[in-house]
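Visitor: What follows is the residue order along each chain.
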Amino acid sequence: MTSRSEGPMTLAEMRTGQTGTVVEILGGHGFVRRLETLGIRPGKRLTKVSSTLFHGPVTFKVDKAQVAVGFGVARGIIVQVDRYLPPGP
Amino acid sequence: MMRILLVGNPNVGKSALFSRLTGIRVTISNYPGTTVEFTKGHIKLGEEQAELIDIPGSYTLEPSSRAEEVAVEMLKEGDLAINVVDATNLERNLNLTLQLLERGIPVIVALNMWDDTRHRGISVDTTRLEELLGVPVVPTVGITGQGVSDLVSRLPEARIPAEVRTYASGDERWARVGDIVGQVQTLSHRHHTWTDALEDASSHRLGGIVIALLVLFGTFWFVRLVGEAIIDHVAEPLFEWLWTPLLMRLSVALGPETFWHSALIGRLIEGQIDYLQSFGMLSTGLFIPLAAVAPYIISFYLALGFLEDVGYLPRLAVLMDTLLHRLGLHGYASIPTILGLGCNVPAVMATRILESRKERFIAATLISIAVPCAVLQAMIIGLVGQQGMGYVGIIYGSLFMSWVVIGMVLNRLVKGFTPELLIEIPPYRLPSGRVIIEKLWLRLSGVVKHALPIILVTVLVVNVLYNFGLFDALASIAAPVLTGLWGLPKETVVAIVIGFLRKDAAMGMLAPLALTAKQLVISSTVLAMFFPCVATFVVLARELGARDVLKAVAVMLVAALIVGSLQNLIL
Ligand SMILES: Nc1nc2c(ncn2[C@@H]2O[C@H](COP(=O)(O)OP(=O)(O)OP(=O)(O)O)[C@@H](O)[C@H]2O)c(=O)[nH]1
Ligand SMILES: [Mg+2]
Chain A
1 MTSRSEGPMT
11 LAEMRTGQTG
21 TVVEILGGHG
31 FVRRLETLGI
41 RPGKRLTKVS
51 STLFHGPVTF
61 KVDKAQVAVG
71 FGVARGIIVQ
81 VDRYLPPGP
Chain B
1 MMRILLVGNP
11 NVGKSALFSR
21 LTGIRVTISN
31 YPGTTVEFTK
41 GHIKLGEEQA
51 ELIDIPGSYT
61 LEPSSRAEEV
71 AVEMLKEGDL
81 AINVVDATNL
91 ERNLNLTLQL
101 LERGIPVIVA
111 LNMWDDTRHR
121 GISVDTTRLE
131 ELLGVPVVPT
141 VGITGQGVSD
151 LVSRLPEARI
161 PAEVRTYASG
171 DERWARVGDI
181 VGQVQTLSHR
191 HHTWTDALED
201 ASSHRLGGIV
211 IALLVLFGTF
221 WFVRLVGEAI
231 IDHVAEPLFE
241 WLWTPLLMRL
251 SVALGPETFW
261 HSALIGRLIE
271 GQIDYLQSFG
281 MLSTGLFIPL
291 AAVAPYIISF
301 YLALGFLEDV
311 GYLPRLAVLM
321 DTLLHRLGLH
331 GYASIPTILG
341 LGCNVPAVMA
351 TRILESRKER
361 FIAATLISIA
371 VPCAVLQAMI
381 IGLVGQQGMG
391 YVGIIYGSLF
401 MSWVVIGMVL
411 NRLVKGFTPE
421 LLIEIPPYRL
431 PSGRVIIEKL
441 WLRLSGVVKH
451 ALPIILVTVL
461 VVNVLYNFGL
471 FDALASIAAP
481 VLTGLWGLPK
491 ETVVAIVIGF
501 LRKDAAMGML
511 APLALTAKQL
521 VISSTVLAMF
531 FPCVATFVVL
541 ARELGARDVL
551 KAVAVMLVAA
561 LIVGSLQNLI
571 L
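Protein chains in written order, with the working numbering: chain A, 1 to 89; chain B, 1 to 571.
Honestly, the hints are just simulated from the structure, not real lab data. One or more hints might be untrue.
To be verified - Residues from chain A that face chain B, not an exhaustive set, calculated with beta carbons under 7 Å:
id : residue
1  : Met9
2  : Arg34
3  : Pro42
4  : Thr47
5  : Val49
6  : Gly56
7  : Lys64
8  : Gln66
9  : Gly70
10 : Val73
11 : Gly76
12 : Gln80
13 : Val81
14 : Asp82
Glycine included, C-beta positions come from ideal geometry on N, C-alpha and C.
From just these sequences and the hints, can you work out the full model?
Guide: Spelled out as structure tokens, the structure:
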């Protein structure tokens, strides 16, 4: 399997099941810190698990832990998503 | 005396270890934020006694909620810290460990959840970790007690590391954590388990909603079925066969129409004791808490304990987030709210896990107004249910609508902000039967211990006051509201007055009044809303402060006036 990247997007925009690397966290200082304490900071790998209807919270996995954040928070987490191409013939 | 603190991230097993170490029962549940207060106990350290303190979990030493503030304040007073670390989540946990070491307090690390590492494909080199941190590291399993005796015997080795590293920035500390984890942890592939499958299903966009509905109906069904079964097959037969004959003998001995007869046994109805109507201390006073209420408390807390320990509540919180934002809350406020369906006292305490003042005010006020505790619910089902479950439905519907509407109004009126949801969702765990039973016992004995004396005294006082005709005076004063707005007979004033103290006794006062179904619905709804019981009020005042609690009480009174009047108009 080869992997190639496309441009970064927000966690809110990612599709369920996609994995990527956090490149940046936008928001106030306190906010960035709180995410950090849960282990979410630039360089970490995360996988989006689900989103909820009506712009509700987004759930994702970091390391072995599952974390849920409000939609607004998810819009501040910028992720470089891995893009897997199907293995060639 | 030496003070030892159990410090660590939320939901890592601090309370489980505390319970194992001291033998004191504390609440242990599978969600972050179970403990919001500190609990003290004692352990033996060699010849000496030491004090052990269980504190709320915290992700950092810079608090972001009331519960975390409690934790950080306690830390200043500790002589030694047992740093409880979740072995399956090393990186995030070790960050706190490094912060603790920087504080210069002697530390020993309990590497908890050790049993969980294997099936998650994690292996940790504890000897190496011990070298790198410079303090002892002991693997433990909080729920079974494995490793706990090692932990105790190595407590004297707890120390401040020879060289204390300090970090110029958070990034630097994270880099060090990454370095340590890289050296001590090996991950191996593991198979998908059934809990993984269930986890995926319950966070699925639609699957989650379906599961939530199933859980909700399943829980209601379970609570009613089990509660009724205990009443029909255990509690009532016991009273009928064992207690009634004794009371009847006492009745003869005391002689009818004497003061003690009416205080202890109450009125005989057609020569018989009627446990709901006689209203003596030993008849109704014992029957209500033990036979009418306790069975539902048991069934409710069995169900709640199961959901808590499986780890379902945080998932429900995620689903409720969007709705709760309209009420000025976020999803995690659903946890105190659900606890409130058991008892409002711990529920109001649990609002400490919320970050902002506005949220805490709204959540606590809504719980006091519109979340009926299990005691009240048991009485509603027992008393109003006789007229048809439809009426019970009207009461629940009114309370739910009040919860939504008052929340929306408060969201507009109360200044401040509501932060966005930011929570960790624990893995599903197979609940330990022992934990569930112990937790049930803890809660049940709490309710009985608090309720029984107050109910007995209430029944006595009511009897005395009746004799002096005090209620007649009150009844005429309250008549405009009671009769005019709510359409209730003025005798219900007794129930309302008792409602300040306890809801079960208050509901008990309604039984002999021969109310119509509509009047029962209105009086139950008003009793639920107008004021919390005195125990809740005390906690509410402590958590909110004098000014805010007065505001909350104003909201309660206005809400009860409006909702009671509306019911009187519409029904
Ligand atoms: N498998 C496993 N589960 C554990 C262990 N220790 C605790 N648990 C479970 O983990 C959950 C959390 O335990 P608690 O003792 O409530 O955790 P806490 O650290 O006090 O949590 P907070 O009070 O929220 O900070 C409960 O469901 C426990 O049954 C352990 O060693 N192994
Ligand atoms: Mg705890």
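Visitor: Now tell me, hint by hint, if it's right for this structure.
Guide: Hints, one by one, checked against the model:
1. Met9: Violated. Min distance 19 Å.
2. Arg34: holds (6 Å)
3. Pro42: violated (9 Å)
4. Thr47: violated (11 Å)
5. Val49: holds (5 Å)
6. Gly56: Because about 4 Å separates A:Gly56 from the closest Cβ in chain B, which is inside the 7 Å limit, the hint holds.
7. Lys64: With a closest approach of 6 Å, the A:Lys64 hint holds.
8. Gln66: holds (4 Å)
9. Gly70: With Cβ-Cβ at 3 Å, under 7 Å, it holds.
10. Val73: Holds, about 5 Å.
11. Gly76: Result: violated, 9 Å to nearest chain B Cβ.
12. Gln80: violated (19 Å)
13. Val81: Hint violated; A:Val81 Cβ to chain B Cβ min 19 Å, cut 7 Å.
14. Asp82: violated (19 Å)
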